[in-house]
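K.L.:
Going line by line, the protein sequences match chains S and V. Residue 122 in this note's numbering sits at position 122 of the first sequence, and the numbers go up by one each step. Residue 8 in this note's numbering sits at position 8 of the second sequence, and the numbers go up by one each step.
Worth flagging that the hints you see were computed from the coordinates, not collected in a lab. Be a bit skeptical, because a hint or two may be false.
Partial list, computed: chain V residues near chain S (C-beta under 8 angstroms) [said to hold, decoys possible]:
(1) S80
(2) V83
(3) R113
In silico lysine-lysine, DSSO-like type, Cα no more than 27 angstroms apart, as pairs [claimed, not checked]:
(4) K82/V x K624/S
(5) K106/V x K438/S
(6) K202/S x K54/V
(7) K587/S x K106/V
(8) K620/S x K528/S
(9) K624/S x K35/V
Beta carbons are placed, not taken as given, at the ideal position from N, Cα and C, and that holds for glycine.
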Amino acid sequence: MTDLNGKDGFDRRKFLTGAAVAGVTPALTQTTPAQAQAAAPRHTPSALPPTTKTIAAETQPPGEETSRIGGKPGSDYMIDVIKTLDIKYAPSNCASSFRALHESMINYGENKSPEYISCMHEESGVGIAHGYFKASGKPLLTMVHGTVGLQHATMAIYNAYCDRVPLIVIGGNDLDAASRPPGVPTFHAAQDINAIVRDYTKWDDTPVTLQHFGQSMVRAYKIAMTPPYGPVAISLDAGLQQEPIHEHGAKLYIPRYVPTSPPQGDSNAVREAAKLLVAAENPVIVADRCARTPNGVKLLIELAELLQCSVVDQGNRMNFPNTHYLYRPAGVVSGADVVMGLELSDFWGTVNSFTDNGENGGVGFNSPRVKPTTKMISITSVDLLTKSNYQDFQRFQTVDVHMAADAETTLPSLIDAVKSAITKERASVIAERVEKAKKAYADIRARDMQAAVVGWDSSPISTARLCMEIYGQIKDLDWSLVSSAGDVSNWPARLWPIEKHHQWLGKSGGYGVGYGAPASVGAALANKELGRFSVSIQSDGDLMFAPGVLWTAAKHKIPLLSVMHNNRAWHQEVMHVQRLSNFRNRKANYGDDMGPIGTMIQNPDIEYHKLAESMGWWAKGPIKDPAQLGPAIKEAVAVVKSGQPALLNVWTQPR
Amino acid sequence: MRNMKMITAVAATLLLSGGAAYAASAEKGKVAFGKNGCWQCHGWEGQGGNAGPKLARTQLPLEAVMTFVRATNGPMPPFSKKVLSDEDLTDIYAFISAQPAPPDPKTIPLLAR
Ligand SMILES: Cc1ncc(C[n+]2csc(CCOP(=O)(O)OP(=O)(O)O)c2C)c(N)n1
Ligand SMILES: [Mg+2]
């Protein structure tokens with residue numbers, strides 16, 4: 001089957017090259033044994049007769065219109081396959097191991113679906129795909145140099161894995177050790193490039209024929225897009241990309257993509273959960289990645305109102321409007337008699353607290369947040385995707401009703417089951433909760449307002465002021481907070497009315513810092529098509545892992561307002577080192593800085609506005625006076641509305 | 001685990017050694033608040049946030065603050081006399097107590113919903 005695996009064409013190409021060289025320089029036909037070895041394998045005749053087209057290609061002198069490859073390149077077929085999946089962009093950093101696919105994408109595929117997005121770092125390519133999916137619900141693919149590029153991409157892939165975000169990573173790899181170019185390309189080849197990401201991808205493959213690629217690509221897309229979503233990887237042989245398609249065997253076809261329906265909770269478990277929720281005096285729903293789509297938000301509101309129960313939104317997606325009187329902060333679980341977790345990444349941490357106080361031999365102090373009698377229900381599809389090595393599954397928590405199912409998909413049947421379980425008597429008990437709930441909501445809101453004004457006029461600017469100055473300038477737009485890197489004391493969730501699914505896209509997933517900048521660019525790319533205004537709160541530490549993504553935003557005219565939370569530190573770590581110094585009864589060494597050595601980003605201060613400007617952004621800063629912030633944001637908003645990215649370097653309080 | 005509430009209850013009976021003789025300075029306290037890292041979790045004005053509660057205009061007596069800062073084994077790491085002197089802590093107390101009253105949220109248009 002030489003025609004199907006392409007080896008025939010590969011050999012022929014070498015033979016022809018050899019013959020052509022021999023034709024012009026006869027002296028070279030006298031080969032030394034070493035040269036003979038270098039030129040091997042020599043052409044061996046195919047068992048199948050060549051087609052007329054192939055004969056013509058091989059026997060006639062090369063005209064201007066003839067491709068040296070001798071047929072349609074394999075990578076063109078790959079593009080045909082990719083196009084059927086409607087993948088809009090391919091944010092990538094270029095590399096020879098996928099040069100053939102790259103060439104086919106921009107020439108044969110006319111740089112449309114996917115359109116190539118130029119990236120400075122593979123981590124940025126994956127981060128862009130991550131953010132893009134959360135704003136649009138559509139996965140992207142990213143191409144990487146299979147070894148070194150994939151090594152760069154790994155943290156971002158881990159974030160996507162932990163955040164249950166689908167994306168397709170295609171790693172170029174030159175597998176054929178006997179024929180791949182020596183030197184650098186061989187350093188950049190490996191037996192199994194996907195090994196380094198196998199622990200945090202849902203699936204990976206190494207197609208060895210074009211038809212195999214066709215199946216793998218559609219399978220990869222299908223697996224990535226079946227809840228629990230996740231990243232997938234394809235190792236793409238450079239030879240396979242470069243060889244021509246041979247159609248004198250079975251004809252290549254493109255498998256049709258049909259989405260897989262997500263797993264739904266077992267009906268007995270759903271009924272049992274409904275019974276517990278209806279009988280409870282104080283049920284609490286906690287949601288983390290429950291709302292995969294805007295419909296998930298609607299369903300959760302319906303369920304919460306049926307039960308008139310508190311809802312905690314842990315915020316890895318926008319699950320529940322914070323303007324709803326049933327919206328509550330995390331502490332509300334302490335009074336619960338039933339806690340239902342929907343797609344939680346950490347059930348244990350939801351119902352227990354951990355105090356990092358150096359006790360218990362340094363490991364800290366654990367205590368339950370809930371009563372021992374509290375019943376627990378869990379619905380999460382991630383139970384179907386538990387791997388061994390990386391510990392994203394968190395501590396073990398015993399749960400009374402446990403469904404390995406997608407929460408959003410299960411909600412309609414749970415709502416029905418709750419409706420049928422509510423008796424007249426329970427209905428009146430539930431109705432009585434409303435007034436109390438509304439008052440509790442108003443009290444929390446008043447407390448948040450009181451907290452926001454402390455330090456309102458301080459310089460550096462308080463995080464509450466930062467957030468409200470931003471909100472003041474975007475509130476009349478169809479805004480989307482595409483990322484909030486670093487920690488601004490949760491002010492957007494506490495003070496901005498967040499009611500739409502796209503207004504809050506959640507965090508990184510795996511807490512790999514460096515997500516915020518690329519994810520906000522990716523989400524802004526999606527929002528651009530959707531006519532939304534993208535804003536990000538951009539911390540300093542996060543930006544500096546791969547600031548080249550700013551150039552990508554300018555290059556591709558991606559409108560994004562990036563307002564910096566520049567606290568001049570990796571502040572999380574400032575506190576960690578201080579904490580350890582105190583536990584050990586040592587004065588923390590600040591060197592010449594304001595915090596522990598190795599944790600501050602100062603002396604010199606980074607001029608982020610200049611950094612952004614140098615890469616084509618409109619930028620301003622450093623802004624330290626809160627009175628100047630509102631007008632500067634207003635200016636920046638106008639720039640972003642005109643289609644450009646804009647950055648404000650704002651000096652902020654630590655948290 | 002001892003928390004702030006328990007400590008406040010016993011603190012009233014404790015006295016700062018030589019505290020009565022020390023004239024506290026809010027100005028020096030501002031510097032000590034920075035040099036000893038209180039700003040990290042409580043903010044430069046003691047306004048509080050995700051990492052630590054508001055300290056500005058604390059209603060706690062000095063003795064309670066002293067006891068707490070030295071002995072807490074809750075979420076805040078303790079500061080012993082070795083790393084933070086009584087004098088510095090007394091100045092810090094003067095600094096956080098001297099913070100101006102915040103504005104009424106109702107007077108801030110940005111906070112109106
Ligand atoms: C890749 C990576 N390196 C290091 C860390 C450890 N880390 C956690 S938070 C943090 C600081 C992040 O700084 P910044 O984005 O400025 O946020 P801030 O804490 O200052 O609000 C670091 C370095 C990490 N989580 N991920
Ligand atoms: Mg920072």
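K.L.:
Each hint should be assessed against the structure and marked as holding or not.
P.N.:
Going down the list of hints, with the structure as the test:
Interface restraint check: S80/V against chain S, minimum CB-CB distance 5 angstroms, threshold 8 angstroms, status holds. With 8 angstroms as the threshold, the beta carbon of V83/V comes within range of chain S, its nearest partner Cβ sitting at about 4 angstroms, so the hint holds. The closest approach between the C-beta of R113/V and any C-beta of chain S is roughly 6 angstroms, which is under the 8 angstroms cut-off, so the hint is satisfied. Straight-line distance between C-alpha atoms of K82/V and K624/S comes to about 35 angstroms, which puts the hinted pair past the 27 angstroms bound.
The suggested pairing of K106/V with K438/S holds, with an alpha-carbon distance near 20 angstroms, which does not exceed 27 angstroms. Restraint check for K202/S and K54/V: the C-alpha separation of about 44 angstroms exceeds 27 angstroms, so the hint is violated. For the hint linking K587/S to K106/V, the alpha-carbon distance of about 42 angstroms lies beyond 27 angstroms, and the restraint is violated. With a CA separation close to 23 angstroms, the supplied pair K620/S and K528/S stays within the 27 angstroms bound.
Distance check on the hinted pair: K624/S and K35/V sit about 21 angstroms apart at the alpha-carbon level, within 27 angstroms; holds.
The structure fails to meet hints 4, 6, 7 from the earlier list, while all remaining hints are met.
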